[in-house]
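Trainee: So the sequence lines, in the order shown, correspond to chains A and B.
Here the first sequence is numbered in my numbering, starting from 102 and rising by one per residue.
Here the second sequence is numbered in my numbering, starting from 4 and rising by one per residue.
Just so you know, the hints here were simulated from the structure itself, not pulled from any lab data.
Among the hints, erroneous ones may be present.
[What the hints assert, rightly or not] In silico DSBU-like cross-links for lysine-lysine, where the CA-CA straight-line distance does not exceed 35 Å:
#1 B:106 to A:229
#2 B:10 to A:229
#3 B:114 to A:229
#4 B:189 to A:229
#5 B:74 to A:229
#6 A:229 to B:99
#7 A:229 to B:138
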Amino acid sequence: MDLIIESFKAAILLILARDHELLVIVGCSLKVSGLATVFAAVVGLPLGFLIAFTAFPGKRLTLTCLNTLLALPTVVIGLLVYTLISRRGILGSLDLLYTQKAMIIGQIILIIPVIATMTIAAISRIDKRYRTTAQTLGANSCQVAWVICFEARYGIIAAAIAAFGRVIAEIGISMMLGGNAKGFTRTMTTAMALEYDKGEFILAVALGIILMGLAFAINMIFQLFQGRVGADAV
Amino acid sequence: MLYEINKLIRVHQGRTILDIPKLVIPAGKITSLIGPNGAGKTTLLHLLAFLDTPSSGTISFRSSPVHFVAKELHLLRQRVVLVDQYPILFTGSVYKNLEFGLKVRKIEKKKRRPLIQEALEMVGMQDFMNAEAHKLSGGETKRVALARALVIKPEVLLCDEPTANVDSENQEIIQSILERANGREKISILFATHSLSQARRLADQTVTLKDGRPSELSRENVLPASIVGQDEGRVICRLQNDVHITVPAASHSAGISNVQIFLNPAKISLLQSGEPFAAQENLLPGKVVKIAGGNGQVKITIDVGVHVDIFLSLPEYVRKPPLIGEAVFLHIPDEAITIE
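Generate the whole structure from the sequences, applying the supplied hints.
Mentor: Below is the structure:
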């Protein structure tokens, strides 16, 4: 019990002192996960919108595949990307292994299904009359799409927030593709694992507090948007 | 001519929901679309609003055949607007809702406000310009939806049951809006309704749909009645406001007391003062309350305690035109009466 309390106190002091190593690790995590979320959103949002908005043969199968990808373990993605970017892989010449870019690529693959499926759910919830109303008022396809996205905006933002929450807390991809290099590819989760292995709990606990704080903030924002969606639906 | 429909069929999930061999909707008029639930009224309105595609057959708009391809439909939708039975307003203010149609038509920003103001005044919602659209009541929502449709000055306004689920005050307002839109703005209007009195009050022409097909039976004079007795082989039917007509007993199934009576407007005779007539059954005194022309005939509405429509050919009408408010008699022969 003393160990926990002592670690906790020391961790708080580390945070208050703005320890350089701690800040570098947190900065790396936020940068990698933030960029991965932005790039995944650029692909996942339009993909989800198109799947929800259009009727095409194989739509049900596509949805099933996307839902299956939600359960894809991070180590499988890590392994898959590793085979592509390792020296013997087809993208080996790009020298991406153990870089932040490699981590971002892996995390994008992880969360595109998350963003796409949540966008599909958000768009599908929107009343069909929005579409016909916009059409009958003379809107073209892009304007109709904009109306629907605007009405589904809280659900779409919630999709991006949930995706960020997923990648900031993952460890498999960061460890396998980033390599946990100090000051370069070390993220909060990989640093915590390392410190645990070393028996150095103070930095691990400090990172844990920050991660939990971030997770709490993300969930608060997520709940806020979800609440707005629910309130609008009433 | 506004619309001309030929051999139109709409099939949905293997079921034919609309089958119209021929139908003409005149321009500049108010046309009502009457029929029970599931008769195909909404489907027809969606087809006429170019929001749906027929399974087969043709629709001509302003004498040009409609090709159901995206680019052409988008252009046609700029001229025709549909107000849904349960209209939905976009998130945001009433102003933003009305601005939408103007924005997509690339109307300059400074010109939008006066147009929006004018449209809201037309529906009596000018004080709600900055109100949150989602906080309006059902009747207010319908009026704003009408304003949103009217602000873009469409050639055609299609309304799906415009007064359904609103209170009587809003019903009256909405009916007046439609009348003004047609009279002042010269917008052709086609509306679906269950209300015969509304159709009779507003419409120059009524189209009746039953099971997706135009009904042969005229629905101009569909009147609820109760059987109150028999006299000399004839059944006595009481209509609203204590108006009585009699029908041969053979045309009515015994035991049924509440019925609907259809009076074929083409077979009812109008007798003006000075015209000789013998004492007959079903001779009802009344006053002319509405006269409307179209398609080579004149529809005259007579208030005999209930409103009864009759059709006169143009030569018949010109020979001795009745005047609004003129006292007349209606003779309803047995062959004009159908009892259900």
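Trainee: When you check the alpha-carbon spacing of residue 74 of chain B and residue 229 of chain A, does it fall within 35 Å?
Mentor: holds, 21 Å
Trainee: Given the hinted pair residue 10 of chain B and residue 229 of chain A, is their alpha-carbon gap at most 35 Å?
Mentor: holds, 29 Å
Trainee: Measure nothing beyond the straight line between the CA atoms of residue 229 of chain A and residue 138 of chain B; if it is 35 Å or shorter, mark the hint as holding.
Mentor: The hint holds at about 20 Å.
Trainee: Is residue 189 of chain B within 35 Å of residue 229 of chain A, Cα to Cα?
Mentor: holds, 31 Å
Trainee: Would you check the hint for residue 229 of chain A and residue 99 of chain B, treating anything up to 35 Å between C-alpha atoms as holding?
Mentor: Cα-Cα ~20 Å, so holds.
Trainee: Is the Cα-Cα distance between residue 114 of chain B and residue 229 of chain A 35 Å or less?
Mentor: holds, 31 Å
Trainee: Under the criterion that the straight-line Cα-Cα distance not exceed 35 Å, is the pair residue 106 of chain B, residue 229 of chain A satisfied?
Mentor: holds, 21 Å
When the structure is compared with the earlier hints, no violation turns up for any of them.
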